[in-house]
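Undergrad: Throw the hints in and build the complete structure from the sequences for me.
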Amino acid sequence: GAVVSQHPSWVICKSGTSVKIECRSLDFQATTMFWYRQFPKQSLMLMATSNEGSKATYEQGVEKDKFLINHASLTLSTLTVTSAHPEDSSFYICSARDGAGGTGELFFGEGSRLTVL
Amino acid sequence: GENVEQHPSTLSVQEGDSAVIKCTYSDSASNYFPWYKQELGKGPQLIIDIRSNVGEKKDQRIAVTLNKTAKHFSLHITETQPEDSAVYFCAAGLSNTGNQFYFGTGTSLTVIP
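Chains as they are written, first to last, in this note's numbering: chain G, 37 to 153; chain U, 46 to 158.
Quick caveat, the hints were computed from the structure, so don't treat them as lab data. Computed from a prediction, not measured in an experiment: that's the story for all the values here. Heads up, the beta-carbon is just placed ideally off N, CA and C, and yes, glycines get one too. A portion of the hints provided could be inaccurate.
Partial list, computed: chain G residues near chain U (C-beta under 7 Å) [claimed, not checked]:
no.	residue
1	T67
2	F70
3	S79
4	A108
5	G140
6	L142
7	F144
8	G145
9	E146
Distance condition first, Cα-Cα at most 25 Å in a straight line; then the derived DSS-like pairs of lysine-lysine [as the list claims (entries may be wrong)]:
no.	chain 1	residue 1	chain 2	residue 2
10	U	K67	G	K77
11	G	K50	U	K87
12	G	K100	G	K56
13	U	K82	G	K77
TA: The following block contains the structure:
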């Protein structure tokens with residue numbers, strides 16, 4: 037199946053710093069990518085929809101200035117957690133749809149575990 | 046919008062037995078229903094999917110059924126093995142679009158050796 041690569045898989049940072057997470061679709065073009073946050077033993081919480089070449093669409097309650105999303109190409113979307121605080125510690129997962137004439141299937145990255153000290 | 050409900054939230058079975066996870070959806074426009082398996086500390090992996098033009102799909106020990114009239118679909122795992130232990134998510138959405146999928150709340154499956 038298609039592969040979505042997410043990097044880094046884990047990161048530890050100090051409070052107040054910014055962290056960037058990359059999500060790449062390796063063998064298909066993804067006009068749309070999605071960013072999720074997952075708390076322990078809970079379901080996937082959609083944070084935002086990342087659209088190539090345009091602004092991301094954020095879900096209600098998600099601070100767009102806190103979680104900056106950039107989708108500059110058809111294979112790369114980035115999530116930057118700005119001025120991170122301990123409450124931002126979580127498991128962040130990206131996904132990409134094999135759309136634009138593809139199968140329409142949704143593939144996930146391996147996730148990024150963020151720990152803010 | 047779409048609302049997906051999933052049951053049970055936890056499921057324990059003996060190795061070799063079958064496991065069934067059920068989901069319902071609310072939007073009759075949804076036509077694509079994937080299932081994902083998430084192991085601890087990893088991202089979800091697509092294990093099987095079904096489109097609304099079929100009622101059943103099977104892939105080795107895994108099968109999915111869809112009842113469009115009742116708006117429910119189920120995942121069936123036969124001859125379960127310890128490595129099947131994971132969290133399983135169902136989802137519903139529209140195929141061939143860039144729209145989001147709507148996920149169930151997950152089922153934690155434990156296969157007891």
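Undergrad: With reference to the structure, classify each hint as holding or not holding.
TA: Comparing the hints with the structure gives:
Taking 7 Å as the C-beta contact cut-off toward chain U, the hint placing G:T67 at the interface holds, the least distance being around 6 Å. Restraint check, G:F70 versus chain U: the minimum CB separation of about 6 Å is within 7 Å; hint holds. For G:S79, the interface hint holds, the least distance from its beta-carbon to any beta-carbon of chain U being 5 Å, beneath 7 Å. Annotation: G:A108 was flagged as interfacial toward chain U, and the flag is violated, the nearest CB pair being 17 Å apart, outside 7 Å.
Hint status for G:G140: holds, given a least beta-carbon distance of 4 Å to chain U, under 7 Å. The closest approach between the C-beta of G:L142 and any C-beta of chain U is roughly 6 Å, which is under the 7 Å cut-off, so the hint is satisfied. Proximity of G:F144 to chain U holds as hinted, the smallest CB-CB distance being about 4 Å (cut-off 7 Å). Taking 7 Å as the C-beta cut-off, the interface hint given for G:G145 holds, the closest approach to chain U being about 5 Å.
Given the 7 Å rule on beta carbons, the hint for G:E146 holds: about 5 Å separates it from the nearest Cβ of chain U. Note on U:K67 and G:K77: the hinted pairing holds, with a Cα-Cα distance of about 19 Å set against a maximum of 25 Å. As the CA atoms of G:K50 and U:K87 are separated by approximately 24 Å, the hinted pair is consistent with the 25 Å bound. For the suggested pair G:K100 and G:K56, the alpha carbons sit about 14 Å apart, so the restraint of at most 25 Å is met.
Proposed proximity of U:K82 and G:K77 is supported: the alpha carbons are some 14 Å apart, at most 25 Å.
Comparing the model with each numbered hint stated earlier shows that hint 4 is the single one that does not hold.
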